[in-house]
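Trainee: Protein chains in written order, with the working numbering: chain A, 1 to 625; chain B, 1 to 625.
Misleading hints may appear alongside valid ones.
It does not matter which identical chain is used: a pair holds within one copy or between any two.
[To be verified] Calculated lysine-lysine pairs in the BS3-like style (CA-CA distance at most 30 angstroms, straight line):
no. : residue 1 : residue 2
1   : Lys585    : Lys170
2   : Lys87     : Lys37
3   : Lys585    : Lys126
4   : Lys620    : Lys24
5   : Lys197    : Lys621
6   : Lys170    : Lys259
7   : Lys59     : Lys553
FYI, nobody ran anything at the bench for these hints, they're computed from the structure. Since this is a predicted model, take the numbers as computed values, not measurements.
Number of protein chains: 2
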Amino acid sequence: MDITLTTGKTIESQQGESILESLKRVGVHLTSSCGSKGVCGKCKVIVKSGDVDSRSHIKLSQEEIKNGYALACMTSPVGDIVVDIPKESILTVEGKIATGKSKDLVALFHATGADIDPLSERIVMKLPPPSLDDNISDLERLKRELVANGLGCLRVPFRFMSNLAGTVRKDFWNITISTIHSDDCYEITNIFPGDQKIPQYGIAVDIGTTTVVVYLVDLTDGSLIDVASIYNSQIRFGDDVITRIVNATENNELENLHKAIIADINELVKILITNHDIEIDSIDTLVVSGNTTMIHFFLNFDPSAIREEPYIPTANTFPLSHAAELGIELNRNVPVYSFPCVASYVGGDIVAGILASGVHKEEEICLFIDIGTNGEIVLGNAEWLMAAACSAGPCFEGSGMKHGMRATDGAIENVTIDRETLEVGIKVIGDDAQPTGICGSGMIDVIAEMFLTGILDQKGRLQKDVSDRVRDGEDGLEFVVHYGDAKDIVLAEPDIENIIRAKAAIYAGFSTLLNEVGFTFDDVGKIYIAGGFGRFLDIDKAIMLGMLPDVPKERFQYLGNTSITGAYLCLLSRKLRAEAEEISKTMTYLELSVNNSFMDEYVSGLFIPHTNIDAFPNVKKLMEL
Amino acid sequence: MDITLTTGKTIESQQGESILESLKRVGVHLTSSCGSKGVCGKCKVIVKSGDVDSRSHIKLSQEEIKNGYALACMTSPVGDIVVDIPKESILTVEGKIATGKSKDLVALFHATGADIDPLSERIVMKLPPPSLDDNISDLERLKRELVANGLGCLRVPFRFMSNLAGTVRKDFWNITISTIHSDDCYEITNIFPGDQKIPQYGIAVDIGTTTVVVYLVDLTDGSLIDVASIYNSQIRFGDDVITRIVNATENNELENLHKAIIADINELVKILITNHDIEIDSIDTLVVSGNTTMIHFFLNFDPSAIREEPYIPTANTFPLSHAAELGIELNRNVPVYSFPCVASYVGGDIVAGILASGVHKEEEICLFIDIGTNGEIVLGNAEWLMAAACSAGPCFEGSGMKHGMRATDGAIENVTIDRETLEVGIKVIGDDAQPTGICGSGMIDVIAEMFLTGILDQKGRLQKDVSDRVRDGEDGLEFVVHYGDAKDIVLAEPDIENIIRAKAAIYAGFSTLLNEVGFTFDDVGKIYIAGGFGRFLDIDKAIMLGMLPDVPKERFQYLGNTSITGAYLCLLSRKLRAEAEEISKTMTYLELSVNNSFMDEYVSGLFIPHTNIDAFPNVKKLMEL
């Protein structure tokens with residue numbers, strides 16, 4: 001039985017194989033966050049012709065089923081079939097945008113003032129061969145030369161000594177060693193025969209609760225070779241960190257949560273190194289950023305105390321580990337550096353964000369917010385840093401939303417609604433891409449626009465009589481953002497409620513933090529916004545929604561995913577790693593979950609833009625118009 | 001089918017199981033150094049009645065086969081059988097002699113002047129429980145308390161952090177941690193909930209080329225709980241280190257050699273802790289002594305360069321490892337300390353021997369010799385130490401000898417031959433034990449006595465006309481040391497040649513080392529003899545043989561297995577560990593294999609007692625009588 005793709009490629013399906021498996025076998029990777037259990041609904045394909053056997057239709061609407069949609073993991077061909085893969089189902093390898101992104105990143109790195117001095121250093125040397133008069137052991141010979149090279153304190157972990165004798169002799173005592181600095185001492189992390197100074201690559205990873213992003217970086221010049229990202233397949237254990245901790249703790253799923261994230265990283269790394277034909281031994285370090293819980297899962301640390309008062313993680317700074325002990329499929333000795341965290345709900349991703357934004361070097365007071373699955377906020381400057389976390393939920397990353405998706409090809413990222421005609425204009429990511437869903441910035445836009453045009457009221461209720469696009473859907477009222485051939489793209493009332501709760505939590509976080517230190521928004525010089533919004537976030541619309549404060553627009557700067565940027569910076573510079581560690585030590589943490597003022601602020605924020613409309617003078621003015 | 005032992009016990013044999021396997025299943029362990037391949041001939045049993053199916057008779061004499069001897073690993077019952085297990089086949093657990101030995105060892109320990117301060121320290125503490133105001137991570141909380149306890153530099157290896165959160169909370173923040181000092185820093189090696197200060201045990205291991213010995217030690221008072229020993233099952237890869245290295249290198253058997261020694265240690269440890277009902281988590285450290293090659297095999301390090309000029313080991317000092325990475329079946333985090341070595345052929349066993357003998361603290365010049373499978377010699381005092389190795393072969397440990405055995409129950413350890421009647425008197429190890437073989441001291445005795453009575457000539461040839469006990473055997477002429485019911489115990493001419501080559505190498509080593517530093521035997525105040533001779537070595541006979549120098553008898557001291565004694569001492573004291581490391585650094589190594597003077601001395605020693613009879617004035621006098 002053949003599976004022919006609408007792109008032209010034909011694959012022979014093997015007996016009993018799902019469409020997902022057949023595609024994977026030939027290197028076509030679909031998004032799948034439930035581990036092929038037919039639960040997440042991410043691996044949708046459209047069967048254009050031929051018969052199939054589908055074991056589940058969960059997460060597919062009646063309309064989609066009618067139009068031939070099927071879950072690739074639950075569907076096998078019965079005869080020859082023709083299949084179309086919607087863009088949102090393809091596991092995206094963002095090779096196309098790497099060149100421009102790479103230049104920006106290299107510029108950002110140089111702007112920090114640091115020199116390229118990778119976390120892992122490769123030293124090439126020629127050992128003097130032994131003789132009867134100079135018959136010290138191989139290890140002592142190596143140490144003697146390294147001390148002569150200025151590496152005073154040197155630790156040699158046991159694990160890779162097995163083949164030392166063969167390695168040093170293989171290329172006539174010419175060797176390359178990789179070292180990393182750890183606990184005030186150099187540690188050898190690998191030894192290769194011959195001169196293996198270049199190429200030298202590193203991997204930066206951002207483990208988001210919803211999305212995992214991997215950078216492949218050339219450590220010699222800092223250039224970004226490629227990027228790959230995927231939904232975090234831990235989603236099958238829960239959308240948010242708390243549900244996953246409960247699963248880890250009460251259902252003994254820690255090991256499986258650990259394995260899920262390791263598998264995601266392995267899959268992305270494999271795609272990158274295969275696509276760029278990179279030797280596995282030329283990869284020297286892996287730097288991982290993420291929130292505290294994600295790093296716990298990554299390292300297989302028991303996260304149970306994170307979710308119970310007084311919210312204590314196993315660790316905030318993590319011992320170096322190495323690839324083999326985590327199951328990372330690189331050279332077994334590759335050191336794995338995990339970003340230091342601050343507290344249970346302010347993690348390494350935020351430390352990375354501060355490093356990337358430079359708040360820790362600013363004189364004026366800055367506000368930093370990272371809107372991912374949670375919203376974490378930092379207030380401070382070069383002198384002090386205070387952080388808090390507010391549970392925003394994964395809606396801005398597209399998770400838990402009917403037609404939500406990440407900011408990738410096919411996502412509606414910008415929406416306008418004409419004040420007069422109520423005509424909807426959309427902008428889609430990707431050249432000539434057909435819209436397949438809405439990403440975070442698109443959602444903010446559509447809600448702000450609906451509010452301004454009266455389609456949505458202050459409480460977030462859709463007004464059926466205002467626009468024809470408001471209709472009854474499967475989950476109550478919904479607004480059609482885009483009429484499609486195969487399916488319409490809508491925002492339903494539960495989606496809108498989700499977003500209003502999220503934006504209320506974020507704004508309440510800002511206010512509470514400022515109150516705590518006795519400042520107001522007027523004292524804040526810069527507001528840095530990080531998160532998975534892709535390349536675009538309309539600040540005006542976010543202010544309109546009441547998510548961001550109503551201050552002059554030039555104070556805002558949108559930074560994108562600063563967690564991965566921070567991991568990238570650390571990979572390239574030991575000085576920046578030290579800065580990250582300093583940031584994690586400097587930052588104090590304010591627990592909002594026991595803060596009454598936060599709860600009051602949150603409830604006040606469940607309106608558009610806010611119960612206290614006077615805090616939003618420009619929005620008030622617009623509303624009066 | 002039932003296997004009934006002559007001791008009364010009956011075991012049901014399972015289909016296809018060898019007698020060895022049936023016995024093992026019920027906890028009766030036989031010596032087996034070839035891995036049940038029917039090659040080593042160590043697992044002999046005597047089938048007293050019933051039919052058996054024997055697949056091999058290798059290593060059994062015609063006489064033995066006639067008397068019902070069979071290899072337990074190659075033999076299965078056909079019907080019900082009755083089996084007698086000869087003492088030499090039983091894997092000895094020397095529980096009986098531990099009490100006396102324990103007192104001697106504890107006395108020796110205290111004589112060093114060191115306090116009991118085990119390699120691994122257990123610290124019991126109560127952590128202040130976290131609160132919203134004191135919400136640092138579990139790891140930071142632990143480190144804060146340890147710093148308050150005076151442990152400044154502290155490393156926390158990644159591997160056991162997975163369960164830290166659960167461990168600290170299990171007994172209301174009461175915990176016990178194990179630490180070891182390493183690389184100028186403390187390293188946490190384990191964390192237990194509650195107060196687990198005692199019991200605390202340690203394991204000392206001596207990996208001899210031929211014999212493996214394990215001590216189970218109570219770390220709180222230094223008492224020796226029990227001892228177990230076994231033939232090193234690497235013997236199936238060769239009797240000596242060179243053959244084993246060739247097998248490791250050219251036949252890719254390194255992994256199997258590694259696994260063989262680990263399996264031996266695991267078997268002995270399991271027997272000891274089972275017999276004494278010891279919780280596995282109360283064992284805190286493992287100290288391993290052995291020659292350089294044995295430690296390489298133990299650690300799975302490539303030993304190939306050891307056997308080729310200029311004879312370079314991978315390492316002489318070894319990073320700490322832990323049980324899990326070696327496959328040792330203890331708590332996975334138990335630190336494994338391997339004794340530092342000096343050179344490829346002067347290993348940790350010799351460093352341990354010097355530590356145990358105290359040569360490194362003596363003012364007068366001492367000579368130390370360890371006669372195991374090799375003969376290693378050290379000359380020196382508190383100021384300097386010089387070492388050399390001479391290949392003696394495993395004959396004194398009973399290996400490669402027709403009726404050789406270790407100094408254990410049933411071994412003939414002392415032999416006299418009446419000058420007039422030529423009647424033979426023997427002394428056997430063990431209460432009322434029947435003789436089953438000859439150990440090293442017995443061999444020295446019988447050769448010296450045969451020489452004195454004219455049964456053996458100066459070249460080591462048996463004289464058929466002198467005694468009826470000299471007869472034609474399977475391997476040429478042989479001397480019957482004991483007429484047995486089931487089998488006679490003999491020393492054959494190839495055995496005698498073996499011993500003469502060994503003693504010549506040892507004496508040549510002494511002479512060469514003394515020449516090198518310009519001293520003679522008269523300058524040597526003490527001669528310490530170590531090795532597997534059990535409790536008894538007749539110095540006079542060893543001088544007669546020409547193995548030891550003809551100097552006043554009071555200068556000699558027999559110390560037994562100093563390799564295991566050194567490991568025992570190190571287990572109990574960090575000060576002594578530091579002394580061992582200092583010894584390994586101080587000692588210089590003289591390579592005899594390229595030393596012409598050594599070769600000349602060796603050839604001169606292939607006579608009894610020596611070509612230069614004037615060097616043995618007392619022997620000369622006796623011979624003239």
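Trainee: Hints first: check each against the structure and report whether it holds.
Mentor: How the hints compare with the structure:
| no. | hint | result |
| --- | --- | --- |
| 1 | Lys585 with Lys170 | between (45 angstroms within a copy, 28 angstroms between copies) |
| 2 | Lys87 with Lys37 | within (21 angstroms within a copy, 61 angstroms between copies) |
| 3 | Lys585 with Lys126 | between (41 angstroms within a copy, 25 angstroms between copies) |
| 4 | Lys620 with Lys24 | neither (53 angstroms within a copy, 87 angstroms between copies) |
| 5 | Lys197 with Lys621 | neither (62 angstroms within a copy, 72 angstroms between copies) |
| 6 | Lys170 with Lys259 | between (36 angstroms within a copy, 26 angstroms between copies) |
| 7 | Lys59 with Lys553 | neither (39 angstroms within a copy, 93 angstroms between copies) |
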